[in-house]
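There are 2 protein chains.
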Amino acid sequence: MTSALLTDKYELTMLAAALRDGTAHRRSSFEVFARRLPFGRRYGVVAGTARFVSQLAQFRFDDAALASLDFLDSATLQWLADYEFRGDIDGYPEGELYFPESPVLSVHGTFAECVVLETLALSIFNHDSAIASAAARMVSAAGGRPLIEMGSRRTHEQAAVAAARAAYLAGFTGTSNLQAQRSYGVPALGTSAHAFTLLHTGQGDELAAFRAQVEALGVGTTLLVDTYDITQGVANAVRAAGPELGAVRIDSGDLGVLAHQVRTQLDSLGAPGTRIVVSGDLDEYSIAGLGAAPVDVYGVGTSVVTGSGAPTASFVYKLVEVDGLPVAKRSSHKESHGGRKAALRVHKASGTAVEEVVYPVSCRPEVDGRVLTVPLVRSGTPVFDFALDAARARVTAGLGSLPWDGLKLSRGEPAIGTRLVNP
Amino acid sequence: MTSALLTDKYELTMLAAALRDGTAHRRSSFEVFARRLPFGRRYGVVAGTARFVSQLAQFRFDDAALASLDFLDSATLQWLADYEFRGDIDGYPEGELYFPESPVLSVHGTFAECVVLETLALSIFNHDSAIASAAARMVSAAGGRPLIEMGSRRTHEQAAVAAARAAYLAGFTGTSNLQAQRSYGVPALGTSAHAFTLLHTGQGDELAAFRAQVEALGVGTTLLVDTYDITQGVANAVRAAGPELGAVRIDSGDLGVLAHQVRTQLDSLGAPGTRIVVSGDLDEYSIAGLGAAPVDVYGVGTSVVTGSGAPTASFVYKLVEVDGLPVAKRSSHKESHGGRKAALRVHKASGTAVEEVVYPVSCRPEVDGRVLTVPLVRSGTPVFDFALDAARARVTAGLGSLPWDGLKLSRGEPAIGTRLVNP
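Note that the protein sequences, when read in sequence, are chains A and B.
Sequence positions in the first sequence follow our numbering and run 459 to 881.
Sequence positions in the second sequence follow our numbering and run 459 to 881.
None of these hints come from the bench; they were simulated from the model.
Careful: at least some of the hints might be erroneous.
Unchecked claim - Across the chosen pairs, the derived CB separations fall in these ranges:
1) A:Val841 / B:Ala845: 44 to 54 angstroms
2) B:Met459 / A:Ala845: 16 to 26 angstroms
3) B:Asp847 / A:Leu846: 39 to 49 angstroms
4) A:Gly700 / B:Asp520: 31 to 41 angstroms
5) A:His718 / B:Asp847: 49 to 59 angstroms
6) B:Asp739 / A:His483: 30 to 40 angstroms
7) A:Gln661 / B:Met459: 47 to 57 angstroms
8) A:Gly700 / B:Thr460: 51 to 61 angstroms
9) B:Asp520 / A:Arg518: 21 to 31 angstroms
10) B:Asp739 / A:Phe529: 24 to 34 angstroms
11) B:Ala525 / A:Val879: 51 to 61 angstroms
12) B:Tyr686 / A:Phe529: 25 to 35 angstroms
13) B:Asp520 / A:Val832: 46 to 56 angstroms
These numbers come from a predicted model, not from an experiment.
Note that the Cβ used here is the ideal one computed from N, Cα and C, for glycine as well.
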């Protein structure tokens, strides 16, 4: 299935007009950046780069796609029939943190070949980075305890797959989503639902349900204990599985209070190794609030797949250079800084990040820093290793490098400032 | 591509356990409903029904999918290999309004064949209904003026296609998204971006850009006038296209003030028929706030595709009946009402809605009302006409039937109450 129609109509009408007056072939650079972070956020996490680059190969206009574009002239249709991206792309590796004005992606080629990628690039970066940025806050709030992404049912069915990937990239342990395992190797995890217990109504009820689950999945499984009464549920769980029971899940009520009660009960039943999984409308704040409770695993749904209040990352895709000359919009409130740019991050000797420096590619400032901009695509061919594990390691390193205030969950300013170096 | 792996792992481990103890074959009914509307919302719009039913046919476990399910036993894998949904589905037609506890979808069959559909059903209904519900508020705020959905770049690339459909279903005029036109026949509309004007830097700039666009697309096109200076932009636009220019678009600044200025300028230039399109972070509140401004078309992006503060609809999929007996969770805060249900809506003679009545299917109450629950699928085969135009008409009728308070944008209670009739 082509991804080429996941595109706004105006990209193609602009293309038609530019082909007609010859400007379509001007050498151009477009830049993906965010003028600001979501309100009160202190950092963002770059995600989507690998998905975008991997979709370039499918961004082709086949006959069926062309047939649906009856508003275009024949010269434009012919150009689209021959289209494949042959330009260069630079950008931040996935998993790097970003801040306002960070040039997370730069696309270079003719105006025509770059402009048609705008919608797809922004869809992917705005979605995936919003999820990864929210997920990283949850990972940091969880203080080393594992998190399972289980929000597939709260978002579009395909967005769910990308969301599972983005949450894993940001440090989650796994996902409930089977397609994310198949497509991206994200570990798939799972427990049980209330429906399974209810199914055994009149056939032995909760104890029968637990026995059936243990019979099928082994004593290492996770039993959901809050369908009827939690104390009875925990007792039934240990009765069904024995003290080697893997875990119990609590999905309702005051999770902090219940976790303490259930821990005490499990210990008294001789099951000190049985873990406690909690879920139910968790977000980074409630995760942090459970820090002192005997919780072993957090299951997170709605809040992570909807970006915890910031469902989109406000990235834009702006033309910044034409035939080697910077261009920029001059209208109010939406100024872009012209010219093709790169970025580096300055750190203290301790490793703590100090400043993001964005500079024209041709004049790197004399400052000691780690260059963030790397080649991703050359002449249409990917040249970067997009391994998900490496991206996960970058998130860990990035969070570890933030000044202390940067990890606060409360609303505040970006953790470090961005300095724009003029040519 | 199969949709069968767009599924939480636990659906399949529950299936494995239920197949093993024989409960998998119990006759079951699952119900999709929302315990509450998003905070402060007064109604919701059902969307997703057609997409869900159309995906049933692709919900098949092919060899490649089965190969990825290595955690399942061979009996379960064999069952999945033979799987197709052969049960019945009832529900609200798309475009109907819904309220707390409205049973918008009921799925009947064996436990096994129904439980595996949970994740996909919820993903689709939670996404599409969230978008349609937000979009309907914008349609109502726009007071008859057309709205264009242009938010593809702010959401996952496939979610964008479904969002365009949902917004159109709720009354938008069209979308920027080309795939939505191809897949669902949603009219695709478009203007131009700042990049097109910037592309003409040093080659005649804005006037050259406008001339190129008019040359390619005709004088009926929409010219974007705020790249540099709006007054100059409007002058250039009329100079390039003449007084027959279709429209100008303003994408920044105080849209109310600018719309008045631009209207006056267009009229003074002899272009009273040239329309004004406004865009830029519009939501239902800013749309309503522009009611007195000379705006002809609203372009809406981020807010509609992210549900304007409510990106998911909080639908759940609950087992309500097993072998003819009602079942319900008894744990705190999440009570479900057991038993297979249908619903009707009571209206005054004037047509104004008064009450939603949810009742056991077997005992319809003696009350005069319009039955909302219709057959959608019988023995696995769709039996309902899912035409999008009919769904649009239902939204219009539904909004027209609300009590006056129901259309208020401010936070409040559901527009009508829901009465649950006990068996």
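Results for each hint:
no.: 1; hint: A:Val841 / B:Ala845: 44 to 54 angstroms; verdict: holds (48 angstroms)
no.: 2; hint: B:Met459 / A:Ala845: 16 to 26 angstroms; verdict: holds (25 angstroms)
no.: 3; hint: B:Asp847 / A:Leu846: 39 to 49 angstroms; verdict: holds (44 angstroms)
no.: 4; hint: A:Gly700 / B:Asp520: 31 to 41 angstroms; verdict: holds (38 angstroms)
no.: 5; hint: A:His718 / B:Asp847: 49 to 59 angstroms; verdict: holds (56 angstroms)
no.: 6; hint: B:Asp739 / A:His483: 30 to 40 angstroms; verdict: holds (34 angstroms)
no.: 7; hint: A:Gln661 / B:Met459: 47 to 57 angstroms; verdict: violated (38 angstroms)
no.: 8; hint: A:Gly700 / B:Thr460: 51 to 61 angstroms; verdict: violated (38 angstroms)
no.: 9; hint: B:Asp520 / A:Arg518: 21 to 31 angstroms; verdict: holds (25 angstroms)
no.: 10; hint: B:Asp739 / A:Phe529: 24 to 34 angstroms; verdict: holds (28 angstroms)
no.: 11; hint: B:Ala525 / A:Val879: 51 to 61 angstroms; verdict: holds (52 angstroms)
no.: 12; hint: B:Tyr686 / A:Phe529: 25 to 35 angstroms; verdict: holds (28 angstroms)
no.: 13; hint: B:Asp520 / A:Val832: 46 to 56 angstroms; verdict: violated (38 angstroms)
Hints 7, 8, 13 from the list above are not met by this structure, while the remaining hints are.
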